[in-house]
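Spelled out, the chains give:
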Amino acid sequence: MRIAICDDDEIIVKDLHKKLDKTIQKMNMNAGIFDFTDGYDLLYEIETAGIFDIIFLDIEIGKVNGIELADYLNHQKYVFTLIFISQHSNYYKAAFEVQPFWFLDKPFEEEKLEASLKKAIDQLNYQYETINYFYAKEYYRVLIDDIMYVQSQGRTILLYCIEDKIYRFYGKLGDIEEELKTKHRKFVRINRSVCVNIKYVAKWTYKYMEMSNGETINIGEKYRDEVREYFQNWIREKVKEYD
Amino acid sequence: MINVVNIIRIVGDLFELLAKIQYYEKTLTKRVKQLWVILVWAFAFVLDQYLVLNEQVTLNVIIYFVLAFLCIFLLYEDSAKKKAITIFFVCVFQMLGEIFANTIVNNLKGIDDNESIYLMGYMISKIIFFIFIRISIHFNKRKNEFNMGNKTFISILFVPLLCIVLVGIFELDHPARNHNPYYALFFYSIILIINYLMIIQYDDVQKMLDLNNRNRMLEEQKIYYIQQYEQTKKMWDLMSSMRHNMKNEYVSQSILLKDKEYEKLENLYHNKIGELEASKVVSKSGNRYIDTIVNYKVSVIKEMNADFECKVLVPEIMDIDSDDIIMILGNLLDNVIDAFENERLEKKTGRLSIVYEKSNLYIEVRNTYEGVRKTNRKGEYVTTKKSEEMHGLGIKAVNNVVKKYDGYLEIKEEDKSFIVTVLIQI
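Line by line, the protein sequences give chains A and B.
All letters in the first sequence, in the order written, are residues 1215 to 1457 by this note's numbering.
All letters in the second sequence, in the order written, are residues 77 to 502 by this note's numbering.
Isolated chain B (complex conformation) (with noise of 0.2 angstroms):
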């Protein structure tokens, strides 16, 4: 049916898309082109005035809800969760809106004209919402990704969640309502308000998140300077005494020449080339970051009398993030250090592989652990632990990079040894 009234109500569900669309872009991270995010919105407008004609409310709230979850799963790339917080977030705002707009509404005396309060309450729940939208966007700027834990997933999405169901309650509960205008206002402010709040924490929760990550991480690269230099100047006095060591070496090697005490000479030669080999460090690909970092996380396993191997195969440069790359080699080879510090462990022995190959960086550390294990019933071993949780926070860290990368993580554990697997591009 055409006419004035069902224009104006295209027109201000067309506004109110406009502004969900703004938020969404705003919070969460596009997929795919422009072109169709709108064709994908526009498609679910028209279905949503379609099927929204009729009466149900129940319906309503279950195809508006099935819709948005459709069109933001196939749209934005984002965790799934996020995902599910920002639909709910809008979905109050948007609700609180209209039910603002409502009790406005029908507390105004001396208009008698049904159609006319219609569109008053209907104009004033879009407008309410878009300034809702609007102080959000400006709040929430940035786009973080993190990887909260279910807890904190399920304690914030609760809160929109709950207050759907309260609002529904209330509103249901006309008596209470109508006893009181002002106290309906209230009640309604006051649930606005947590949200509000809500999503200002969430977003405060996700910056201090980033805080510590970074300072961590900070940390570490501190230590690792401090052990760079040290290894610096560990080598520049091994090869001044060298220097020093050179010409009464010579010295010695030609009167044993002149003596012609040949097997004492290859004796000779043969230790200084040992000696040369056991002084060359583990990874020296150039690469200042990864030889930094493994060198010194490798001379601690060694320190540990472990058998430990290493194999970089890198160029000098390769565009990825200092931090990532300490990042994860950092986490991985303290995860070594953890497996071996455990004294039960008899055998220490591990590997470290680091190739660049076809833009991808490939990652691979393995290491004997000794787990932490206890009997069933009859007896037998069992594995109390995942792998996942072994390897604790580390791995943890380790996968959010990865996953900015939209790289590939992979543990296993095989006869006694964990293998964990990195390959992310570049």
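The shape of chain A in the complex, shown without the other chains (with noise of 0.2 angstroms):
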């Protein structure tokens, strides 16, 4: 595992690096972690050696804006886990539209860090999370992450991704659903036919969802204050992230 801590503040990052190492120590994990005090190198060194599986970012670094860089860096369609190193609430709304993240306050305290680990390391496992099946004769792997629903249409189910692409296969979309839900946490049953990734849902309302490529879909009538339920509880699971 690769971790990256990027911050302006040498001081800051030789102390992160030390709190790190030893905590890495003491969950006996196998990383490397590199320290950066400057965005242009951390982008660098990304572009150049690819991803890291965890980074550990100020929001001011230097001329560098962190929240820009984590959104550039998703938009590169990387998977990695952000742990923004700051409290500046100014720019949470920024924020907003980079997931996953969280803040982790200065100074560090090992016990908040050992759990901030823990949790990227558990954020990182559900996005390498795969659905695998046979399809006229051929496996497949797609990643939980990227489905933005699934719909069973009959006895196919189509899994809908990001970038428009569609994949489809025989099976009961119970049976996925409840797949989905084990190994990914992110899965709601909306309507009879259709379960999406709350990931991808931009706007929840009582009688339907938009989703992030400007779909909507309705929800049904039996299923309405199950989803709100759900939706309730993922709201309050995300607040429970920001301690």
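None of these hints come from the bench; they were simulated from the model.
From a predicted model like this one, the values you see are computed outputs, not experimental measurements.
Incorrect hints may have been included.
[Claimed, not checked] As a list, the in silico SDA-like pairs of lysine to any residue whose alpha-carbon atoms are at most 20 angstroms apart: (1) 434(B) - 1448(A); (2) 488(B) - 1443(A); (3) 387(B) - 1451(A); (4) 348(B) - 1300(A); (5) 340(B) - 1321(A); (6) 227(B) - 473(B).
Could you use the hints to bring the two separately framed chains together as a complex?
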């Protein structure tokens, strides 16, 4: 596992590096930690040597804005987990667009650091979970994190993914739903034939959901209260992440 | 049977229907497209024409109400109370219009042709009805929505309802009417005036309630602004004193460093960081309204020695009325203050979360409370008050705002804690 720390204050970087080292040993992990005091250096490293799994990023790194950097990385479709080492609330709104992420306030307490690291690894694992199936004698692996929603049409299951990709195979929605929920936890059934990934929901209303690609999907009447409940719980979980 | 009388009758009914629709459109809020409004009313009209041809009066009245209620409940989205009142008032005006026309025509002497008398009366009744609808629309231009209590609702509803009964009784009692037509006319005029005054009153009550709510909110807002000013001032004073002390502190630090008193130095830093953490305001989302009210109310709560945690995760700008957000948060946090004011409450803990996600604002307030408890015959403790009552008026005001945004309000009781959840889509 590769971990990057990026902050313009060298003392902070060294401190975090030391504490991370300790935590990693404690957790019996195998990881390399790389220090950066400049956003451009981090970017260069990523573009030449590949993405880091976990990035600890300050929001103001000299001339570079951490939010913009994270946004850029997200757009490059890199899979990584982001932890902002800051308490700048002004940037919160901008940070909304960048997911997944959370904040870790300075000075770093070891307990919180360990919790963050565990959460980040969890998050990473989710992002690498796949759904595997055979269709027309070929074997497919689809990243669950990339699925926007799953739809059943008769006996066919359609996986609507990002970048307008659609995969199909034979199966029952109930079974797929179960699999997705155990592997990823972010899926919710919203009507008789559709199960959505809440990550790609841009707008939730009681009667319908608007996906991040602009599509709207109606929520079945019987499912509405359940979906609202799910949404509320999802927010509660989210609140917990900001401890 | 197609003849001139029937055609005129149908035209007259259509005219009446248009006047009614106009009235409903002005007082109620549509839930569907205009096309549907026209289609549903047209369907009801045809059904009405078909069913009402028989001569049974009671049946006709029942059909009238069933159709009117069905259409209105399908097409408009206001509260059932408001719909019922509107329908009953329209019914009274319609009925009185017909009776007026009837009385006038019956007392016209010199025309013997039954058909012309019928048609004339018919047309006069529609015209009277139309005039009343126009006058009502003129005075009742605003669409307002407020949550009236059951008592108000019943007293307002009873006026048209009792008038319908009264007119029915009077109409059956033919001798009295035949005795003196002017007496009858006088009687109906009074009923008409009573009903009309009631509509105006009803409108006034709505206006007054609106105004009261507004005033209360402005009063609250004023307090928050003053509080905000004081907070800013306090912060400013703190900043200048900090700047003043800074130099002294650096001097003492460098002395400690020179003397290699590392432990003392570390302690110093530790204390300083702690001081900074403690002076943190609870809400600093950048959203002015939310920050102000949360910081103010939470400072009050914290002065009560309560352990109150806050999480505010919202963008700086949200598309929601500042009045509404102040109304919700102010009332919910006031409830917490009320609960904590109870001296018998031993453990004062609570939590506030405000989160904006997927175009929704989620607010959760949770606090311990000491309920008013009473024993039953067996000596067991029973809760005497429902959670809504415990939270009193505030929750009603919150509920009104939540309704405005088509949102969701939930009040729960969980091991000696109240949990109020608000979810509004913005």
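Structure-based check of each hint:
no., hint, verdict
1, 434(B) - 1448(A), "11 angstroms, holds"
2, 488(B) - 1443(A), "14 angstroms, holds"
3, 387(B) - 1451(A), "13 angstroms, holds"
4, 348(B) - 1300(A), "18 angstroms, holds"
5, 340(B) - 1321(A), "19 angstroms, holds"
6, 227(B) - 473(B), "18 angstroms, holds"
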